[in-house]
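> Next come the chains, spelled out residue by residue.
2 protein chains.
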Amino acid sequence: MNSYILTLVISILIPLSLFGEQTKMYKHNLMPVPSKIEFGNDKYRIDSTFIIKISPKNISELNSYATRVLRRLSDRTGLFFVQDFLTEKSNEKSGNLTITATRKGNVVVGEDESYTLSINQKGIQLDAATDLGAFRGLETFLQLLEVDEKGYYFPEVKIEDSPRFKWRGLMIDVSRHFMPIDMIKRNIDGMAAVKMNVLHFHLSDDQGFRVECKSLPKLHELGSDGLYFTHEQIKEIIKYANERGIRVMPEFDIPGHSTSWLTAYPELASAPGPYTIERNWGVFDPTFNPILEETYDFFDKFFKEMSELFNDDYLHIGGDENNGKQWNQNQDIQKFMKENGIKDNHELQSYFNKRLLNILTKYNKKMVGWDEIFQPDMPNNIVIQSWRGQKSLVESAQKGYQGILSNGYYIDLIQSAEFHYLNDPIPSDTPLTPEEQKFILGGETTMWAELVTNETVDSRIWPRTAAIAERFWSNGKIRDVEDMYRRLDRVSFQLEELGLRHNSNYEPMLRRLTNNQDISSLKILTDVIEPVKIYTRHRQGKKYTQQSPYTRIVDAARPESMTARKFNHLVDSFIKENNEEGRLTLREMMLQWVDNHDKLKVIASKSYIIREVLPMSSNLRDLAQTGLQVLDGKMNGRKFSEEWKIEKNKLIEMSKIPYGQTELALINGFEKLFKSVNE
Amino acid sequence: MNSYILTLVISILIPLSLFGEQTKMYKHNLMPVPSKIEFGNDKYRIDSTFIIKISPKNISELNSYATRVLRRLSDRTGLFFVQDFLTEKSNEKSGNLTITATRKGNVVVGEDESYTLSINQKGIQLDAATDLGAFRGLETFLQLLEVDEKGYYFPEVKIEDSPRFKWRGLMIDVSRHFMPIDMIKRNIDGMAAVKMNVLHFHLSDDQGFRVECKSLPKLHELGSDGLYFTHEQIKEIIKYANERGIRVMPEFDIPGHSTSWLTAYPELASAPGPYTIERNWGVFDPTFNPILEETYDFFDKFFKEMSELFNDDYLHIGGDENNGKQWNQNQDIQKFMKENGIKDNHELQSYFNKRLLNILTKYNKKMVGWDEIFQPDMPNNIVIQSWRGQKSLVESAQKGYQGILSNGYYIDLIQSAEFHYLNDPIPSDTPLTPEEQKFILGGETTMWAELVTNETVDSRIWPRTAAIAERFWSNGKIRDVEDMYRRLDRVSFQLEELGLRHNSNYEPMLRRLTNNQDISSLKILTDVIEPVKIYTRHRQGKKYTQQSPYTRIVDAARPESMTARKFNHLVDSFIKENNEEGRLTLREMMLQWVDNHDKLKVIASKSYIIREVLPMSSNLRDLAQTGLQVLDGKMNGRKFSEEWKIEKNKLIEMSKIPYGQTELALINGFEKLFKSVNE
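Quick mapping for you: the protein sequence lines, in order, are chains A and B.
Letter by letter, the first sequence follows residues 330 to 1008 in my numbering.
Letter by letter, the second sequence follows residues 330 to 1008 in my numbering.
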């Protein structure tokens, strides 16, 4: 085991030890970090004669994947490769990159995704048990591309790699705000790039039912505002995902979260209708009636159709946040509960779930649900997705239920990559035994869509999801946060080539906000602010609905300000070391912020929409002015009075007030800097 | 007529004359310019209580269009409108914007698209004969939005508007490079924003057959690499376009340009197969065999299906660039021609076209084709699309054929907006009589897709197509180029809100080119270069194919450098006026270019792909250094020697050499500046 652990420890900062001396350290850009990795000193150079050879040639998905990789390599390097398409009929005698896969893999939980990748002067060799493993290896291959004055090359390396968890998912909510198929596809590409393998498709909720249902057509006709995926589109998405080794698991959230369903079929609700599609955000009353046989006839028909449409073994029935109000108020339901010895709404939902389980089982689907479906009397062939926390996940694993962790991976809550990255489905201090740990299948990051649109959603998913993907794939001991951020910047850039717009939509949004004026001053401010966190945004006087504008500064602002992160770090080391270089860099940043407010005011005079953040901009100016006093004072040995300290403390507190649902992300740094004059 | 002409003259620079004094001039941002427009002094302010009211309420397309306009207004202003959806059931008592349409329009050639828009302190009134007219008026309405320190408002105005031409098209080629449905939709939105009304869908060519054909499935199965639109997707596109008052006319290019068809059905070719999908660009030999009855059976089946799938009255059969080689070499065809008195290949193609015309007529479609289908013996119920030029358009109009101009609107050829803008389907010196002019239906801009991908195509279409759209819509006397560019900058910005990526893909492309380094130095260079023009790019040693990388600097560079245009203008006025302000601005620009080369060299050392333009970057530095000499010399009264002049002339000539298929767009300005020292 020692050598294995050694590999893990050194995998972040790799000594060039494969064949040469350990003279310099090589920092790789791989994310997720492979299980074993060893670099050498050689470079394998490529030019337009670069050829890929695959054996066997009859796995069409692998041929297509390799062809796309060839195009991506061509797009990055500008090399006009002679090779065009890889097909069954390709007859390359040899390849610069040789790929072997033992067999065609199945896109199912637990399929072999391991691969080995070896690069030396002779060429590049990628070997995998299945095409899925080859897909993962090809993404590693692309991340290894380097460039110097002579051209493009791959470093000498030996990699052995396989995933830690078999379930590595991204949940996309297309109910609250519908997302076009293009958004789903580009995010599938992003998932493949960081080796994720489950698209959890949240297809229904109070605010919209998003799949064509041929047997119950009122669902999409009345429940979707015309915004839904047809059968053909769903098949297209599944094919697209499967060809990248990614499963597509549908979620139909019941018995609560179902206003859109009950808009179409009010007779199945637990209280009299009519219902209309919900436009607001929150938890709502409409709930299916669990005591009607018609309800189960309905779901039999429904799940029959959906089980045929979706090819995955698993089907998610939601089950969360049923508030029970309609059940409590329905006399027939209360009577039914008494007659059948059902003690409370939890037990009643368990009754409902067991009936559904029978239906799903009949159609060969395994049931997945949120925490709430975990009831003592449920059979343990269901899978629990934990949004409530580690505790409930541990409990269900101890009771023999398979589980997936999502608590801590709610990327809609605008938390830092670090926070998500350090959250582990099986933390090192887990109370679970090794046997129990096997019940933890992995994790899923969740993109709830109340506050995002097609324009902003990529910026909420990426790049933070790449850090989470590493948590799901790489060894749990890989936890160097600084190195994660370094690699995340690189992978974020690379994700752009797949059409993801987490970076590229930023400036167009600022352009709209300035009404096509010079965006530089707005960008300087927006670069150092973040949207308010967790659920705060709903609690600041703005009532958000499905139709609200999601085009304000809070929507343009990144979930995590990298400029603020850099600033806060610089302050830390400046306080510690009082270093001249740090002082100069901080000074430059602060001078820019001092100057910025007047410039932004001019822009705001011709763009009313940005006025809401002007008070914050002026706070930033004041903080930066004070920061400059501290920098100078420290150099000149100035004594700062108690009055000064009290006043600046007030400034810090005042600057913590959010404006336009955003907050300054560098308060922490300024606060430390101001306090450091005491020392 | 006088007042009408007056309106035209003043429409670019509008005196505020409606009710108030003519104290200041109001420059509007409308593109295309309406037929009649008169501004007043009042402002109509809007807030979150803004309501749209429509009558009648039963035109669902109009309800949807107005709802989208409401969202766009909300997105721009950040206002949380109370109104959510406009539907048949909406019961607004009054509206801030009241829309009336007399009847539901038909999306056909010549439908009434006129509207009147009146804004004053009482409110906003939009009246149209049809919903199509209301769509056009709503786009004008959105372009009128203004902002001041108090918020958002619309200026007082009276507009009467209707189009000059009834056929205002954009042709998109999805054969050479396939484009996803998302690209088609966002471009349809762009078209609607500038009041265009025909999407000409170039669906087949040598390099790909792009529609599912159920009756002849080998077409899409073998002719498309799997990249084609299904029936469902075609219907989705037609619905999307029609809902915006835009027709969708399909083009199936035959009998030449048909390699992809003949890959699937080689037995219909004029020479023995097999064929494979063409990967190269150019004119190729494969041509349908016009003497086989099977050919017409095939097309009968084909056009029956396509006539049902596409709802437009018109169907385009291409007909261009049949090189005749296969016909010349086929003994049976030669024999057939002799026996039937067919003199040459033109007549043979005419025979083919007449047979097709019978088929199209049977299926209620009118035939459209490129110039080549115009033969003396063709019936004159066909429509000629002129790619060859004004002359052939005039000829066919004189002979009573309806025509559409595309010559001069080939946006793939990287010419200036000015060039396209001044090109008129019926120029003021037209030899056509007013009666003959009626045969000119309008024009179409053509986006041939050899050298574009989904990433770059928007930047080739927009914003230049907006200037062409004005040519098709507005009075022919509107020809102020400077004012066109001013408004084009505005409309280009507004087009971004529809998801068009002509601006937003620029920096991501530079980011990839720099390999995620600081892009500023590459941007300074790329901002002043343009891709080589017309067909030059194919003739500079690079062999482009369907699989080439289209990610180089030439692909990132804009078709028209606005920075270079500004520079060239500044030089003109500086030479004329020797003004200090001009001198200082030019000096600042040149200093930046002098400094830039060393910075770019550093970037290029870590990104090999950009090295191809380094010689041009060094030329730019040398030009700018010389430019500074001239600026200083003119101030100091320096005499420039003949040697200096000869040397600088050489520098100009050397700087005209393209690198990486791009050229410096400011040579003209530098040349004039250097020559000005003689005077």
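None of these hints come from the bench; they were simulated from the model.
Treat each hint with caution, since some may be false.
No copy is singled out in the list; a pair is fine if it fits within one copy or between any two copies.
To be verified - In the EDC-like style, the derived pairs of lysine to aspartate or glutamate whose C-alpha atoms are separated by at most 16 Å in a straight line are:
1. K872 with D413
2. K630 with E541
3. K633 with E541
4. K862 with E889
5. K963 with D927
6. K479 with D812
7. K654 with E910
8. K930 with E826
9. K451 with D371
10. K356 with E836
11. K382 with D456
12. K479 with D376
13. K547 with E596
14. K418 with D554
15. K930 with D477
16. K806 with E565
17. K935 with E478
18. K935 with D477
19. K935 with E475
20. K1004 with E417
21. K963 with E676
> Decide, hint by hint, whether the structure agrees.
Taking the hints in turn, this is what the structure says about them:
no., hint, verdict
1, K872 with D413, "between (53 Å within a copy, 14 Å between copies)"
2, K630 with E541, "within (14 Å within a copy, 31 Å between copies)"
3, K633 with E541, "within (14 Å within a copy, 29 Å between copies)"
4, K862 with E889, "within (10 Å within a copy, 43 Å between copies)"
5, K963 with D927, "neither (28 Å within a copy, 37 Å between copies)"
6, K479 with D812, "neither (28 Å within a copy, 48 Å between copies)"
7, K654 with E910, "neither (62 Å within a copy, 73 Å between copies)"
8, K930 with E826, "neither (36 Å within a copy, 24 Å between copies)"
9, K451 with D371, "within (10 Å within a copy, 77 Å between copies)"
10, K356 with E836, "neither (31 Å within a copy, 27 Å between copies)"
11, K382 with D456, "within (12 Å within a copy, 65 Å between copies)"
12, K479 with D376, "within (11 Å within a copy, 60 Å between copies)"
13, K547 with E596, "within (13 Å within a copy, 48 Å between copies)"
14, K418 with D554, "between (47 Å within a copy, 14 Å between copies)"
15, K930 with D477, "between (44 Å within a copy, 13 Å between copies)"
16, K806 with E565, "neither (38 Å within a copy, 50 Å between copies)"
17, K935 with E478, "between (47 Å within a copy, 7 Å between copies)"
18, K935 with D477, "between (46 Å within a copy, 5 Å between copies)"
19, K935 with E475, "between (45 Å within a copy, 9 Å between copies)"
20, K1004 with E417, "neither (68 Å within a copy, 63 Å between copies)"
21, K963 with E676, "neither (66 Å within a copy, 92 Å between copies)"
Violated hints for the displayed structure, listed by number in ascending order: 5, 6, 7, 8, 10, 16, 20, 21.
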